Amino acid sequence: MKTEGQQWAGTTYGNGWMHKWLIRMLRYIDTRVLYTFVAVFVIPVCLLLNPSRSIAYRYFRRRIGYGRLKSAWKTYVNHCLFGQVVIDKFAMYAGKKFDVQIENYEQFQSLATRKEGFVQLSAHIGNYEIAGYSLISRDKAFNALVFAGEKDSVMQNRNRMFADTNIKMIAIRPDMSHLFEIDKALAGGEIVSMPADRINGSPKNIEHDFLGAKARFPLGPFSIATMRELDVLAVNVMKTSLGSYKIYVTPLFYDKGASRQEQIKQLSKAYVAELEKRVRQYPAQWYNYFEFWQEG
Amino acid sequence: MEQLINELKLQIKEALNLEELTMEEFDENAPLFGEDGIGLDSIDVLEIIVLLEKQYGIRLNNPAEGKAIFQSVNTIAQYVQANRKK
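Protein sequences, first through last, are from chains G and H.
Per numbering that gives the first Met the number 0, residue 0 is the first one in the first sequence, and the count goes up by one each step.
Per numbering that gives the first Met the number 0, residue 0 is the first one in the second sequence, and the count goes up by one each step.
If you are wondering where the hints come from, they were derived from the structure by calculation, not from laboratory data.
Since the model is a prediction, treat every value here as computed from it, not as a measurement.
Straight-line distance between alpha carbons at most 25 Å, and here's what the computed SDA-like set of lysine to any residue pairs gives:
| hint | chain 1 | residue 1 | chain 2 | residue 2 |
| --- | --- | --- | --- | --- |
| 1 | G | LYS203 | H | LYS8 |
| 2 | G | LYS114 | G | SER136 |
| 3 | H | LYS53 | G | ALA140 |
| 4 | G | LYS203 | H | GLU52 |
| 5 | G | LYS183 | H | ASN60 |
| 6 | H | LYS53 | G | LEU229 |
| 7 | G | LYS183 | H | GLU13 |
Using C-beta positions, here's what the derived DEER-type ranges look like:
| hint | chain 1 | residue 1 | chain 2 | residue 2 | range |
| --- | --- | --- | --- | --- | --- |
| 8 | H | GLN2 | G | ALA257 | 29 to 37 Å |
| 9 | H | ASN60 | G | MET168 | 17 to 25 Å |
| 10 | H | ALA63 | G | ASP138 | 27 to 35 Å |
| 11 | H | ALA67 | G | ARG279 | 44 to 52 Å |
| 12 | G | ARG31 | H | ALA63 | 47 to 55 Å |
| 13 | H | GLY33 | G | GLU261 | 25 to 33 Å |
| 14 | G | ASN49 | H | MET22 | 47 to 55 Å |
| 15 | G | PHE252 | H | ALA63 | 36 to 44 Å |
| 16 | G | GLY94 | H | GLU24 | 58 to 66 Å |
Ideal Cβ placement from N, Cα and C applies to all residues, glycine included.
Construct the entire structure; sequences and hints are all you get.
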């Protein structure tokens with residue numbers, strides 16, 4: 000059921016040496032210098048060579064409804080913003096702090112003070128990594144599901160940054176050990192965070208109308224949340240200016256008395272509705288560069 | 000043992016929404032994974048882990064152990080019989 004082209008390598012671009020060099024440079028150089036360099040020299044080349052150009056263009060034309068010229072311009076802006084969020088991620092590893100505003104923080108707090116675990120669902124919009132982990136609780140461990148194929152340099156930096164916190168990484172592995180870790184964390188009243196917009200690992204999916212066309216979403220995150228009838232938050236972190244981000248925390252509701260299939264349907268529908276709301280609010284921060292929609 | 004196997008088949012069928020699979024077709028010795036068997040995947044395993052905890056009070060924490068347990072309904076039944084707490 001996995002559609003052709005709906006795949007992702009599961010790793011940050013570039014090799015380990017490039018990542019280390021970038022982090023070292025960001026200790027001394029203002030991010031704005033790199034933003035400008037990337038916008039002027041890197042993005043035009045990427046747009047010429049990379050198929051993401053036509054994927055992003057089609058997204059702006061068909062899903063957002065922009066005209067040809069505006070779609071072309073927004074494709075460039077979208078790639079520049081993607082470059083910026085990658086730079087911001089490495090700037091964070093280099094020690095830079097960003098201004099972060101949180102909307103609905105009380106929703107997180109209310110769940111974080113309860114005994115039961117809960118699930119946070121993210122998406123590949125904005126920049127979850129830069130601020131998603133700032134939603135932490137002193138009493139509840141936070142487990143982020145990450146792709147095991149991620150570059151060592153990224154994983155090492157994550158581990159270094161979160162060494163003294165109660166943030167843990169659960170890597171998705173072929174031996175399914177991550178499932179035992181997820182279950183253990185949720186049964187133990189912890190928080191588990193995972194993206195719910197890309198089909199990776201299990202091909203099982205659920206279809207929803209999203210931005211005016213049918214799109215498939217992974218069944219796993221919704222299945223995991225409803226298995227123990229846990230509360231769920233959608234957390235999206237959007238870039239609002241060069242040095243600031245806003246975290247949107249939204250509770251996702253489903254009828255816990257309904258059948259499992261119905262619970263999954265309701266929860267995934269709520270997630271997709273929230274994702275659509277944020278994408279319409281920040282259309283240029285959509286970073287799923289593959290054929291997301293089932294279009295002819 | 001036969002009763003436990005049938006009980007597990009029913010519970011797995013219901014938890015994983017395997018409507019098209021009849022009880023007669025559901026071979027307790029068939030591999031749970033892969034195209035030659037029932038064709039379950041990683042998410043289904045998690046469903047079964049939660050099922051074993053809810054129905055039999057069994058907490059599975061060891062992935063290495065899981066590989067041997069989840070070979071077939073028969074291997075799950077053997078494990079449940081030896082380790083059930085309710």
